[in-house]
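Asker: Start from the sequences, fold in the hints, and give me the full structure.
If you read the sequences in order, they're chains A and B. First residue of the first sequence: 1, per my numbering; consecutive thereafter. First residue of the second sequence: 1, per my numbering; consecutive thereafter.
The set of hints was computed from the structure by calculation and includes no laboratory data. Remember, predicted model here, so these are calculated numbers, not experimental data. Treat the hints with care, as some may be off.
[As the list claims (entries may be wrong)] With a cut-off of at most 30 Å between alpha-carbon atoms, the simulated BS3-like pairs for lysine-lysine come out as follows:
#1 514(A) <-> 483(A)
#2 385(A) <-> 345(A)
#3 209(A) <-> 256(A)
#4 99(A) <-> 365(B)
#5 150(A) <-> 305(A)
#6 506(A) <-> 496(A)
#7 184(A) <-> 209(A)
#8 99(A) <-> 389(B)
#9 365(B) <-> 305(A)
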Amino acid sequence: MSTHTESMEVEDVVAYDEALTRFDPVLGLEVHVELNTATKMFCGCATGFGADPNTQVCPVCLGLPGALPVVNATAVESAIRIGLALNCQIADWCRFARKNYFYPDMPKNFQTSQYDEPIAFEGYLDVDLDDGTVFRVEIERAHMEEDTGKSTHIGGSTGRIHGAEFSLVDFNRAGIPLIEIVTKPITGAGERAPEVARAYVSALRDLLKALDVSDVKMEQGNVRCDANVSLRARVGDDPSAEEQLAVPLGTRTETKNVNSLRSVERAVRYEICRHAAVLDSGSSILQETRHWHEDTGVTTSGRPKSDADDYRYFPEPDLVPVAPTRERVEELRATLPEPPAERRKRLQSDWGYSDLEMRDVLNAGAIEVIEETVAAGATPAAARKWWMGDLARRANDAGTAVTELGVTPAHIAELDGLVRAGRLNDSMARQVMEGVLAGEGGPTQVVDARGLELVQDDGALEAAVDKVIAANPDVADKIRDGKVQAAGALIGQVMKEMRGQADAAKARELILGKLT
Amino acid sequence: MPTHPDLTHLTAAQMADGLAAGEFTSVELTQAHLDRIAALNPVLNAFLQVDTEGALATAADVDARRAAGEDLPRLAGVPIAVKDIACTQGIPTTAGSRTLEGWVPPYDATVVTRLKEAGLPILGKTNMDEFAMGSSTEHSAYGPTRNPWDLDRIPGGSGGGSSAAVAAFLAPLAIGSDTGGSIRQPGAVTGTVGAKPTYGGVSRYGVIALASSLDQIGPCARTITDAALLHEVIGGHDPMDSTSIDAPVPPVLEAAANRDLTGTRVGIVKELTGEGYQAGVQARFDESVELLRQAGAEIVEVSCPHFQYAMAAYYLILPSEASSNLARFDAMRYGLRVSPEGVEAPSAEQVMGASRDAGFGDEVKRRIILGTYALSSGYYDAYYGQAQKVRTLIARDFEAAFEQADVLISPTAPTTAFRIGDKMEDPMAMYLNDIATIPANLAGIPGLSLPSGVTDEDGLPVGIQILAPATQDQRMYAVGGALEALLAEQWGGTGSVLDRAPDVTTGVSAGAVSEEAK
Numbered sequence: 001m002s003t004h005t006e007s008m009e010v011e012d013v014v015a016y017d018e019a020l021t022r023f024d025p026v027l028g029l030e031v032h033v034e035l036n037t038a039t040k041m042f043c044g045c046a047t048g049f050g051a052d053p054n055t056q057v058c059p060v061c062l063g064l065p066g067a068l069p070v071v072n073a074t075a076v077e078s079a080i081r082i083g084l085a086l087n088c089q090i091a092d093w094c095r096f097a098r099k100n101y102f103y104p105d106m107p108k109n110f111q112t113s114q115y116d117e118p119i120a121f122e123g124y125l126d127v128d129l130d131d132g133t134v135f136r137v138e139i140e141r142a143h144m145e146e147d148t149g150k151s152t153h154i155g156g157s158t159g160r161i162h163g164a165e166f167s168l169v170d171f172n173r174a175g176i177p178l179i180e181i182v183t184k185p186i187t188g189a190g191e192r193a194p195e196v197a198r199a200y201v202s203a204l205r206d207l208l209k210a211l212d213v214s215d216v217k218m219e220q221g222n223v224r225c226d227a228n229v230s231l232r233a234r235v236g237d238d239p240s241a242e243e244q245l246a247v248p249l250g251t252r253t254e255t256k257n258v259n260s261l262r263s264v265e266r267a268v269r270y271e272i273c274r275h276a277a278v279l280d281s282g283s284s285i286l287q288e289t290r291h292w293h294e295d296t297g298v299t300t301s302g303r304p305k306s307d308a309d310d311y312r313y314f315p316e317p318d319l320v321p322v323a324p325t326r327e328r329v330e331e332l333r334a335t336l337p338e339p340p341a342e343r344r345k346r347l348q349s350d351w352g353y354s355d356l357e358m359r360d361v362l363n364a365g366a367i368e369v370i371e372e373t374v375a376a377g378a379t380p381a382a383a384r385k386w387w388m389g390d391l392a393r394r395a396n397d398a399g400t401a402v403t404e405l406g407v408t409p410a411h412i413a414e415l416d417g418l419v420r421a422g423r424l425n426d427s428m429a430r431q432v433m434e435g436v437l438a439g440e441g442g443p444t445q446v447v448d449a450r451g452l453e454l455v456q457d458d459g460a461l462e463a464a465v466d467k468v469i470a471a472n473p474d475v476a477d478k479i480r481d482g483k484v485q486a487a488g489a490l491i492g493q494v495m496k497e498m499r500g501q502a503d504a505a506k507a508r509e510l511i512l513g514k515l516t
Numbered sequence: 001m002p003t004h005p006d007l008t009h010l011t012a013a014q015m016a017d018g019l020a021a022g023e024f025t026s027v028e029l030t031q032a033h034l035d036r037i038a039a040l041n042p043v044l045n046a047f048l049q050v051d052t053e054g055a056l057a058t059a060a061d062v063d064a065r066r067a068a069g070e071d072l073p074r075l076a077g078v079p080i081a082v083k084d085i086a087c088t089q090g091i092p093t094t095a096g097s098r099t100l101e102g103w104v105p106p107y108d109a110t111v112v113t114r115l116k117e118a119g120l121p122i123l124g125k126t127n128m129d130e131f132a133m134g135s136s137t138e139h140s141a142y143g144p145t146r147n148p149w150d151l152d153r154i155p156g157g158s159g160g161g162s163s164a165a166v167a168a169f170l171a172p173l174a175i176g177s178d179t180g181g182s183i184r185q186p187g188a189v190t191g192t193v194g195a196k197p198t199y200g201g202v203s204r205y206g207v208i209a210l211a212s213s214l215d216q217i218g219p220c221a222r223t224i225t226d227a228a229l230l231h232e233v234i235g236g237h238d239p240m241d242s243t244s245i246d247a248p249v250p251p252v253l254e255a256a257a258n259r260d261l262t263g264t265r266v267g268i269v270k271e272l273t274g275e276g277y278q279a280g281v282q283a284r285f286d287e288s289v290e291l292l293r294q295a296g297a298e299i300v301e302v303s304c305p306h307f308q309y310a311m312a313a314y315y316l317i318l319p320s321e322a323s324s325n326l327a328r329f330d331a332m333r334y335g336l337r338v339s340p341e342g343v344e345a346p347s348a349e350q351v352m353g354a355s356r357d358a359g360f361g362d363e364v365k366r367r368i369i370l371g372t373y374a375l376s377s378g379y380y381d382a383y384y385g386q387a388q389k390v391r392t393l394i395a396r397d398f399e400a401a402f403e404q405a406d407v408l409i410s411p412t413a414p415t416t417a418f419r420i421g422d423k424m425e426d427p428m429a430m431y432l433n434d435i436a437t438i439p440a441n442l443a444g445i446p447g448l449s450l451p452s453g454v455t456d457e458d459g460l461p462v463g464i465q466i467l468a469p470a471t472q473d474q475r476m477y478a479v480g481g482a483l484e485a486l487l488a489e490q491w492g493g494t495g496s497v498l499d500r501a502p503d504v505t506t507g508v509s510a511g512a513v514s515e516e517a518k
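Answerer: Rendered as structure tokens:
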């Protein structure tokens, strides 16, 4: 059945650093976002993930003869909100268009999409890079379309249609609303191009999550990235210098469906290295789609793609134009959440975290849980200490999310309250946490059950201090001679005498009071 | 009330009245039609499917509800035929194409749902040119339908099955679809009434699309009143069709009763008369104009200069949309599946190609190729883009004309029914049959065809077309109703041009179908 065999041989690549000495990479990213609407783009079918194949279908999304589409108003509003959040202009009037091509998983053999009249256009997204600098990615357009069905190719070695013995198609996905977000050519990133690609998709994902328009689960295909890469000759040291930007763009390849942040970075990096090798050898880049292989970390040739691909677009005659009023657009703008980047800056400032601390929190994905914990009454420092410290380690060990441990933001706030009230010291607080993790109840319950209250009786503490001083005359002498740091050794023994249930600060105060 | 021994010769309105009065039951009425279909369809080939069981079940249900004293819709119990382009749950729907042979839709078109809700027994599905591409019903994959007036002649198209069924009293009413005249032209050449409502006036949901921006569903009947009764049943907003008009159905039934033409401005479209129109067609048209004038109408001549480009624009827009609409017939999910010969383990693409080659007839392929070409990059602006501009100009011509006239009139078709086989080798000659009907589709305005007599030269019926501004469908019914009454008065008898049709039952028994035509 196969009409051609895919070449799986490993292609030559140039070391990344070396490639960058001679070439300037230019990116173009197309991100498809599945919206989280309850129903499909043009019919009333459910959109839930993981249903049995072909159970969420109807005449419309199966492309049966006679069926007609009706636009999902919620999807249009989501598209407008995404456009606004990407600082785009919103069309006064735009139409859907038919993109005509034959493929077995496309029920009508045309995709209802938008062509030259996108709902949103001309925007940008500011992207935080790892070192804290901000890179602006210009957005060309965001348009609405429908997803296709999902093909599973059985038999053959590649899992693709060529070489397969037969194919199964699940139309549950057909007609799921998609927004395709297309960047302008991303220039000036230089050696940071792969990082910019990853950071852009990451920032976009955060934005979509904050907008609550998509489940943004890349592993479920909610967010799919096609990465276009081309190289052009490098001139000078500054990738954003005028003379560099004036160099014409090279031929691009489009690596399809790169479905994790890490893969986006790796795939772009790989293509830069591969392009460099092809160009170094004196050959030219073939304009084509490429497939990314997560396991081997390489891309392989897909199908040739030329600008002459003819989809015979024309305005969809079965739908009426989308013409959102300016009032409605402004109402939707008012529903936009605080942009994730601004929110992060605000929270860092409110919480007094250092850049390093904040980055750790972000990387751990703990920003929401810390925000909730602070809101519940904990200090930002305590919230960070718990979630990023003991609990993060435990979650890591257990291979689970920190929020799945059974500890709530309210627990942390309660525990922090007990510490600040002087009723628990740090080691006792850890013991209380053990109890909470063991399911013994909330912090106060654990304190009561375990009898873990700090001893507030100064008499008992003073007696213990006296006993320890008497037992350690040489240490006591050192302190009397002004070596105040030696007090630590005595404090430790006092705590031991008190079986841990003493306030260390108070013990120190007493020791120093008696010896200085 | 004119009477006929056979219930099938009543008008739909008379049938409705007879049912309401208890003179006969819907089962009797439906059975009478089924009997006539059984006798005549083998010769006429008007029906592709007859749903005896379903029709009688609906009829029995209506009779029971009526007997129980239920308040029923006016047409409840009056049987109807449905063009095979509308999906009918459980009844095969082919659109006249081999590719859909035996395909049974899992859902009803909205128009079918409305017929069911109104209690009309559906007799079956009528023949048509494949995917409604044609003006003669010769392009059906299931053989041509014959004109009851002359079995060697075409019944018009694409809805020749519906027009022949109504003209031969196999059904009092039928559903048609009109993309460039497919309701009106068959009406004209069979001596029946056919109305194309304003674009969006009747839901297209579930009706197999030919050209989405041109297609419109409408009634086929023997009288203006019957057409209006059916129009009111099927018209109105449908949330499943984004292009359907969200407004009440125009008051067409009330308008159909109009007999007063005093002061009505009737415009004759200069470009749609004279040269190219058969002498007898023109003569009957001129007589109708005179009748209208005598009845007090103000006759004005209007010019629509851009109509000369209508045919060219139509044959770019229609194939373009059709090429895309018909892409879904790929053998992957339903319909005819054919493996290419001599290919072992063919790819999906090869199966699609072979299936489409085997499943589509020549006219369909011709238009798919034309449309694919017209939409191609580099040609789009010159063809599809220009055609859309022409469309705008034609709409403006109509706007200007309706400043001067309340309705516009023309002959519906330039000739009477031609002989089967005459134009199969000359697509352009076939296309020209729709020259007078196409402008209304391009502009989205309503139009109907009313029988205006038979010609002297061939004794075949001709039709007069009445056009109205968009959403003003009642105007064409008002003028149509009045003119129909004037013509009936002149003709005498039952007032129907069908009085002059040969008795098709006699024809059949006499073996009048020529061997050649068979």
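Asker: Taking the hints in turn, state whether each one holds.
Answerer: Against the structure, the hints:
no.	hint	in the structure
1	514(A) <-> 483(A)	holds (14 Å)
2	385(A) <-> 345(A)	holds (20 Å)
3	209(A) <-> 256(A)	holds (23 Å)
4	99(A) <-> 365(B)	holds (20 Å)
5	150(A) <-> 305(A)	holds (21 Å)
6	506(A) <-> 496(A)	holds (14 Å)
7	184(A) <-> 209(A)	holds (23 Å)
8	99(A) <-> 389(B)	holds (22 Å)
9	365(B) <-> 305(A)	holds (28 Å)
Every hint, counting from the list given before, is met by this structure.
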